[in-house]
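Spelled out, the chains give:
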Amino acid sequence: MRMAAQAKTITSLAPDYFDIGHYQKLLDTVAEWRGMTEIAVERLLSADDHAAICRLLYLEARLLDSGRLTDWLDLFTEDCVYWLPTDVEGRDPRLTVAWEMNDRRRLEERVERLSTGRAFSQAPPTRTTHFYTNIESFVGTDGTVQVLCQFLIHTNLDGRVSQRAGWNGYVLRQVAGAWRIVVKRISMFDADMPQNNNSFTL
Amino acid sequence: MDDHGTLPLTGTAYAHLFRPGYVHRDLYADPAIFAQEMRHLFGRTWVYVGHESEVPNVNDFMMRSIGRRPVIVTRLDSGDIAVLINRCTHRGALVCRTQRGNAPGFTCGYHAWTYRNDGSCIGVPLKHAYGADFHPRQNSLMRAPRVQSYRGFIFASMNEAVPPLIEHLAGARQMLDQWLDRDGGRPVLVRNGEMQFLTHANWKTVYDNAGDGYHPPFSHTSMLRVFAERYGDVDMQYYSQNFDESPILSKDLGNGHTMLDQRPAMHAHSAWARQHVQPGREVMEAALISQHGRERALQMLDDSTGSGMNLNIFPNLLIIGNQIQLLEPQAVNRTVVRWFSTTLEGAPPEINATRMRMQEDFPSFGEVDDTAQFESCQRGLEDVPELEWVDIRRHMSTGAGRVDTDGLWREPISSDLHLRCYYDAWRRIMEAGEAARQ
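Read top to bottom, the protein sequences are chains L and A. Quick note: the first sequence, position 61, residue 61 per our numbering, numbers continuous. Quick note: the second sequence, position 43, residue 43 per our numbering, numbers continuous.
Just so you know, not all the hints are guaranteed correct.
Computed spacing ranges between beta-carbons, pair by pair [said to hold, decoys possible]:
#1 L:74 / A:79: 39 to 47 angstroms
#2 L:150 / A:110: 31 to 39 angstroms
#3 A:345 / L:193: 22 to 30 angstroms
#4 L:68 / A:76: 52 to 60 angstroms
#5 L:68 / A:388: 43 to 51 angstroms
#6 L:139 / A:295: 26 to 34 angstroms
#7 L:88 / A:78: 28 to 36 angstroms
#8 L:78 / A:79: 50 to 58 angstroms
#9 L:150 / A:56: 45 to 53 angstroms
#10 A:56 / L:44: 27 to 35 angstroms
#11 L:193 / A:225: 41 to 49 angstroms
Everything labelled a hint here was simulated from the structure, so no lab data went into it. Ideal Cβ placement from N, Cα and C applies to all residues, glycine included.
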């Protein structure tokens, strides 16, 4: 498998940020994204910041598509959320199961599992090519920097071609001068319908 | 079911598909057999169609299926549940095309024939053209003739003469009771979202896997290795050495129902302590302890951790951990596996949030690999005509089976007992279906 040679980066933290209040913040952010109309000019980021954020997204896509998942993990903050809901209605994750609701620890475990060489769902691995478009960056009402974009992931698993599509919502933060991902919420447009093999990293 | 699938198989229409310790690949690969299963197997026995908490209010409805038959499960004014066949009596169109909602009735989109949610036809446009003696009520939707609930689990049967549900459930009833009676029997709610996995495999492959206590240390190597390296002896690490000698076991519950009972290992000390970590584990535990005291908090967490049961209810209901899994056969080599998640009514928000995150654990780290195995098996069974037989011999001749203290037959965890029991029930029902058609 293409990930097998990568070293592990276990931080072994016991993350303390996933409390009931954290869920409420996530829920509020998603409600804002879903209700978004025209973004007020004063909330838009500068052209330079927008360009830097686009570069982050393109880097993320490149790392995913080339299977460099430990490098991809480095793009996430220590208090990150990687979230793939099962619903398309923005339901409360405290009462709704997700395809993935990962904190930093579980995201690392996910990458480690894929690198064991025994993750049969990814043997052979799904080849992907990520497209990010319609990228909008702005300051959310909570003051955080956020990004909405559409995604199309073209995939091939052992000769079988398929696509995933939808929109991503990101919350970003600058860490040591570089933009990093605090929240990545992947909203597949058909998340509530049968899914075949999403065990690669979206 | 007192032969536990070990008696020599005899029969007529389907005898050629079985020999001791083996079943024929046509059971997984032949579209004609699949069509007969949809008619006979799903047409003659009890089939789970949903949970009462999914349709709590009068006029609530949801679309489900009985085999391939599209049905609508409705909550009537009386509070009773009806199961309507979702096929307009006119030209066959679906009268309901919405997965769930609330409505007192359904109007076919094609010619506007209209039905109440008890199935009765109350409106046919321009009905004079059918003659003076035409009455809409003679054209009501077909209803599943038998509908019964067991403690919230709704079952329906197309067979008027099916034995009572309780009789059908046999030994699975007491296991369902044990599953429901955790945490003081707080009511289980089934409206917390679901994962729908599409697998390009025969639907029985999934059932075979649910009762298979042989595959975990192999198919789930990646998951177990990551957990062991990080956390040591947690989760299913008891599947390491000589797991056939361990206290976990496989049980025959009668009528094709079976169970893998992992509770003797998973719950031996504390289910919560053994549970693989999930987002928020430490902060949720701390919050519960500060609100409810240590003893009560840990009790609630223990009772909300995976049940340690793989309860397999013939023909297509699987209860795994805290989830309800429903197999929806779509074609001989295409199945949708629906994982309904559950919460507990009135439980603290920290408990239910923790339940959600625990219920993402196995699907994400384990089920994905099993699904790949199903598709891999399907390939081998469909594409190699020279090799016709599938091996289901484990513990057939070891003499390791015995009657357990609860009176149920048990075998070591890695046994193929579940397959032998399943196919005994399969044959009985399928042969009866063929006989009835003659």
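Each hint, compared with the structure:
1. L:74 / A:79: 39 to 47 angstroms: Taking Cβ atoms as reference, residue 74 (chain L) and residue 79 (chain A) lie about 57 angstroms apart, which means the hint is violated.
2. L:150 / A:110: 31 to 39 angstroms: holds, 36 angstroms
3. A:345 / L:193: 22 to 30 angstroms: Since the Cβ atoms of residue 345 (chain A) and residue 193 (chain L) sit about 28 angstroms apart, the hinted range of 22 to 30 angstroms holds.
4. L:68 / A:76: 52 to 60 angstroms: About 57 angstroms separates the Cβ atoms of residue 68 (chain L) and residue 76 (chain A), which means 52 to 60 angstroms holds.
5. L:68 / A:388: 43 to 51 angstroms: This hint holds: roughly 45 angstroms between Cβ atoms.
6. L:139 / A:295: 26 to 34 angstroms: This hint is violated: roughly 47 angstroms between Cβ atoms.
7. L:88 / A:78: 28 to 36 angstroms: For residue 88 (chain L) and residue 78 (chain A) the Cβ distance comes to about 34 angstroms; the hint holds.
8. L:78 / A:79: 50 to 58 angstroms: For residue 79 (chain A) against residue 78 (chain L), whose Cβ atoms are near 51 angstroms apart, the range 50 to 58 angstroms holds.
9. L:150 / A:56: 45 to 53 angstroms: violated, 37 angstroms
10. A:56 / L:44: 27 to 35 angstroms: violated, 45 angstroms
11. L:193 / A:225: 41 to 49 angstroms: violated, 32 angstroms
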